Amino acid sequence: MKALQWLGVNKLAVGNVPDPELRNPGDMIVKVTRTVTCGSDLHLLGGYIPFMQKGDVLGHEFLGEVVEVGPDVRRHRVGDRVVVSSFIACGSCWYCDQKLYSLCDNGNTNPAITETLWGQAPSGCYGYSHAMGGNAGSHAEYIRVPFADVGAFTIPDEVSDERAVFASDSASTGWMGADLGGVQPGDVVAVWGAGAVGQMAARAAVLLGANRVIVIDRLDNRLHQVEKHIGAETLNYESTDVAAELRERSGGRGPDVCIEAVGMEAHSPGLQFGYDQLKQQLRMQTDRPVAVRDAIHACRKGGSVFVLGVFAGFVDKFPLGALMNKGLTVRGAQMHGQRYIPMLLQRMAKGELTTEHLATHVMPLDSAPEGYRIFKEKEDGCVRAVFLP
Amino acid sequence: MAFLIVVPIAAGAAIVARKRRSARAGDGGHRHVVTVYRPLPELESAPLPGSLKEIADRVEVQLRAAPGDRGTEIAVRIPEGSDVTSGEVRRALRETRSLLEAGDVLLPYGPATTVPTLWNRPLQAATRRGREGGLL
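Which chain is which? The protein sequence lines are A and B, in order.
Residues 1 to 389 in the UniProt record's numbering are what the first sequence spells out, letter by letter.
Residues 1 to 136 in the UniProt record's numbering are what the second sequence spells out, letter by letter.
Bear in mind the hints are in silico, worked out from the structure with no lab data behind them.
Nothing false has been slipped in among the hints.
On the chain A side, residues computed to face chain B include the following (Cβ under 8 Å):
| no. | residue |
| --- | --- |
| 1 | Q5 |
| 2 | V17 |
| 3 | K54 |
| 4 | C90 |
| 5 | T109 |
| 6 | A112 |
| 7 | T116 |
| 8 | G119 |
| 9 | H130 |
| 10 | P146 |
These numbers were taken from a predicted model, which means no experiment stands behind them.
Ideal placement from N, C-alpha and C gives every residue a C-beta, glycine not left out.
In isolation and in its complexed conformation, chain B is listed as follows (with noise of 0.2 Å):
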């Protein structure tokens, strides 16, 4: 039982800690960086759909071919002084890659089924940004 209290909290501090030490390092020199499996004219010929368009006014963007027809890596920088976080960042190039190669955005289940709780409160918070953590 301790187990399943702990890793989550665990792995959700792991998560605030990396936001923490990615906001101490100053997110500009940091560029977040997805490949989306289209060719690089394609991306080039329109403006990037979803969220990433939204914010594409308070960042940087690259667009450059990837090795081995894989696609085009699409590369955001939060310039200093940008209110932009890199939640938002990692969010939008992830809808992004997802509309561009999906045509959509998968949504997650519902209506729930789970009840909160004490226990389950971390990894709620978690799930809540499912898309604005993790290592991208």
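With the rest of the complex left out, here is chain A (with noise of 0.2 Å):
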């Protein structure tokens, strides 16, 4: 089958790869129609996650139709359309029964890596690195999914692919941060990065009443589409002065919940951004943490901050003298979508929650090497590409 291969840093290609076999009897393959790429997997084209071998397959987000299904899957039969978490989960264990699903203990073949590195093992996740179980990612034509009764969710008639899609990691990241962050009824929130995961954060506040929803970015064109789609206020970063911004808009307050959507390459106006530049390319540190600076920084005394943002190891200049002074609750998380994705649904089918505007450059799979391109770039425009396989 085709997929779409990482060969090294910065270096991407399509090539043909076997197709993938039900391993488990709880697995099934799934037909990938559509498959979306995410400013995380940006990370490991980059080399900044750097558990990647010569040939991986990327993707994590997508939905398709079921081909084939393992003799222990009940909820799931060939011909189903189903969209499917990108994190791996049991269903089983204690942390699957909190709803915690991206902390399973037995979804990843791999847990050695990262419980050496952070003590504990989250979940595996497809197409992200052997650090993550090294499954084969979606975009390809075909994919594994394991413990299919658990991660795959059929997609109601009236809910379209172009939407849809999106319940598989977006929505789902984005529903976690509002929810785990504690947004209430009345709340100013403000969130960082208005990609598609810090709208659909965004989204998910204005969603669970909070009072003003500000989101945080540099890019107009997204800026433009949280204004339009997502009910929300815009700051632009590289023209206004977000943190006074911010304490006006919530009463000298600062923000009751303050959402960091943005990860481990964050940008910034003036010299902090060249800092942690440099300190990063020399590796001296291994994330840029800019926005949950920012984050802490502006959030109100006693106030929450959800880390998003994917990040892989040690940051400079945290600002703990203000976490701990202030009060603050700081939380994070890999996306648990089996807890959400339900909801989700349910909510795009009475329309809620719309998320085509997130496709802005949609092609086949044979242009995902440009595609990445346009992406990362951020060229033409582009908040997501989704590729036809």
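Using the hints, put the two chains back together into the complex; each one sits in its own frame.
In structure tokens, the structure reads:
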């Protein structure tokens, strides 16, 4: 089958790879019909998450049609149209029982790497390095879906592929940030990053009853999307004093909930970016935490900061003093998609959550290397490139 | 590019170093423990499944109820003179937990889409023993 393969730092190509096989009785094979680029893929592409091997297949946000099921699969049949959570979970361990699916104890076949790095291992993810299980990703014609009864969800007829595909990761990640960040009716919520995940976090905050939701970015096309499709306010950090604006818009208190949806390759104006960029290039820190720092400084006393952006290791100049003295709660997670996808599909069916605008560039899988180039360079207003295998 | 080479090697070296430290310390003093989300009476009612059963006569296995309704703690100690390694115990505990909780042990993706290169040898070595390393 055809698949988009990682061949080295900033080297991608569409090649032929063996078709996936059922390996466990709870597996199924899905024919991928839509698969999406993600900002976190750029960390793999750029070599910032160094657990890739030549030939790995990228992609973790997708939907498709079931073409083969293992003997233990009960909830799905051949022909079902399904959207799949990007993280793999067994559904039976203590973490799954707490609905913390990306922390599943049984979904990562390589727990030693992340256990050694971080103390404990998160679960596995599609197309996201051998630290996350080495599972082939979705930028391919077919994909193996383990624990299929837990991680795949039949899409209601009234929800289009174009809309449903973002339930796989962007919408569920964004919703998690607002939900576990503790957004309450009446809150002021600030979201750093107007990419797909940031937009979905902002929409979740709106739907959860926040009084004001403010999204921060530097790209005007994305901020226009926020105003038009999400119903939130915007700030361009290149032309505004964000901290002052947030204080003003929150009555001097600071936002109640700050959601960081940027990750380890954050940009910022001024010296801070140069400092972080230099240290990251010299490998003196693995991640550029600009947006996390800003969120912690901006947050009101006793407020909540949720880190949705992907980070790999260690950061410098972490404002621990502000965190401690302001009594903040800081939390983060990989996405617990199984917890949110059924609800999100219902909201998509009702029209409360629309996502089609995120797919700014739709193209065949053969064009995926060019799609990633456009996505990485943010050319032509690209928010997400979607591939059709 | 250097990062791609250095970090997997460093991670591999850390895993090897930890293994050696563990071996030098004498595994007899260290228990490997997992918590399985199944009740103690259920685990006591039948032999433990999977590869833990295969090494059970060469290690000491203890079961006790985990606090907070979190299931059962399985602790394994390798006695002096046993030929069982820490890696074998880690693998056995992880596989047994998965069998008890999920009814199956997730197999790695296959067939592989990757090709061996000089640069990914350390990572391939680490993933070949993905369930044997770590801190468990």
